[in-house]
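> All chains should be built: construct the whole structure from the sequences, respecting the hints.
In the numbering used here, the protein residues as written are 787 to 1127.
Treat the hints with care, since some could be wrong.
Cut-off 27 Å, straight-line C-alpha distance, at most; resulting in silico cross-link-like pairs (DSS-like, lysine-lysine) [stated by the list, open to error]:
(1) K850 with K1017
(2) K792 with K927
(3) K1107 with K943
(4) K927 with K1111
(5) K926 with K1106
(6) K989 with K852
(7) K926 with K792
(8) K1111 with K989
(9) K989 with K1017
(10) K1017 with K792
(11) K1017 with K956
(12) K1106 with K850
(13) K926 with K1107
(14) K956 with K943
(15) K1106 with K852
(16) K956 with K989
(17) K792 with K943
(18) K852 with K1107
(19) K1107 with K850
(20) K852 with K943
(21) K926 with K943
(22) K956 with K792
Think of the hints as simulated: they come from the structure by calculation, not from any bench.
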Amino acid sequence: MVSPLKHGGIWGVFPLAFPVCLLAVTLMAVAQLFWHRRGAVICFLGMLLCAGPILTYCPLNFVKHKVPEGAETFTFMTYNAHNFVPPGVAATATLPPGDNPQLDYILNLDADIVCLQEALPLVVKSGKVLSLQQIESLHKKYPYICVSTQDLAVLSKFPIEPIHLDANRKNFPGGQVRCYRVSLPSGRLVTLFDVHLHSMQLKDNDLQTYKNLTELKGEDIGSLKSHILSKISAAAVGRARQVQQLLRYIRLYGGPDAIISGDFNDVPGCYAIRTLEDVGFRSVYPDCGLGPMITFNNDRLYFCIDHTLYRGALRPVSMKKGHTKASDHYPLTTTFYIEGK
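Here is the structure:
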């Protein structure tokens, strides 16, 4: 809830530690049931006071949502496709074109709207990773495709119109955002913001330091602070600055029904998501998910950093995580229905 932009980037680091603290307190409470029950009561009271953030991180929706009879529905996917190159393979590597696993997953899932990040091969014509047959299948399935000059792309079965934003390296540094107006079959207009917020900018040596720490190899703590925490703090400031710019775009173009989706590079309950919730958005997964979710699957950074938020007459029924590891992110697919007429 504390702005990293105003009070320092370290405030953006604390949310990353929330699941670790939650696990530690849970284990402590269970242990104290046997040795010191008063201590267990204190732990449980603390967890009760933090019920809101806990249920944001680990929702407990045991009852599935149902679509009202006759309601209009559509499926929506967000996916950081890692430029359609499998993790561990150099981005400049020349792969045999053929059945690209990321694009195959998109085609087989058959979502109505697909919001992509790191989709550069769709922007720049390249035969390195995508075959002509797959590209033709993509255009056949999705007659409306919008790609940016950066690495964002939206595929849609419904008419879609791009909205020009003044986002550039000066006022949206370290990230990307694009805006579109989607026309559903009923004629209802939904505004879509495809975002890729500031990453942590961790290099190979930083990741090796982190791996050494997780393996208890006695890595210098000073190295952790200088190489990793400083970059994570700077990224938190960058995301706080970007979300303020995003608020301006929402005021100008958001409309009553809107979706914000993409790679936030931050966890549930972070400052960026809380800021968007302050203007009426809700995060999908806490509303219809069950248990904690991880959307990044590489470098032992097991966090949920991909999110979909909504507002207006949109109502989520379910969010499903794909289990393909073709990218370093898992795809997320949400089923929405329109409330009312």
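> Against this structure, judge whether each hint is valid.
Hints, one by one, checked against the model:
| no. | hint | result |
| --- | --- | --- |
| 1 | K850 with K1017 | 40 Å, violated |
| 2 | K792 with K927 | 46 Å, violated |
| 3 | K1107 with K943 | 21 Å, holds |
| 4 | K927 with K1111 | 23 Å, holds |
| 5 | K926 with K1106 | 25 Å, holds |
| 6 | K989 with K852 | 44 Å, violated |
| 7 | K926 with K792 | 48 Å, violated |
| 8 | K1111 with K989 | 21 Å, holds |
| 9 | K989 with K1017 | 10 Å, holds |
| 10 | K1017 with K792 | 17 Å, holds |
| 11 | K1017 with K956 | 19 Å, holds |
| 12 | K1106 with K850 | 12 Å, holds |
| 13 | K926 with K1107 | 25 Å, holds |
| 14 | K956 with K943 | 33 Å, violated |
| 15 | K1106 with K852 | 15 Å, holds |
| 16 | K956 with K989 | 23 Å, holds |
| 17 | K792 with K943 | 42 Å, violated |
| 18 | K852 with K1107 | 19 Å, holds |
| 19 | K1107 with K850 | 16 Å, holds |
| 20 | K852 with K943 | 24 Å, holds |
| 21 | K926 with K943 | 10 Å, holds |
| 22 | K956 with K792 | 19 Å, holds |
When each numbered hint is compared with the structure, violations occur for hints 1, 2, 6, 7, 14 and 17.
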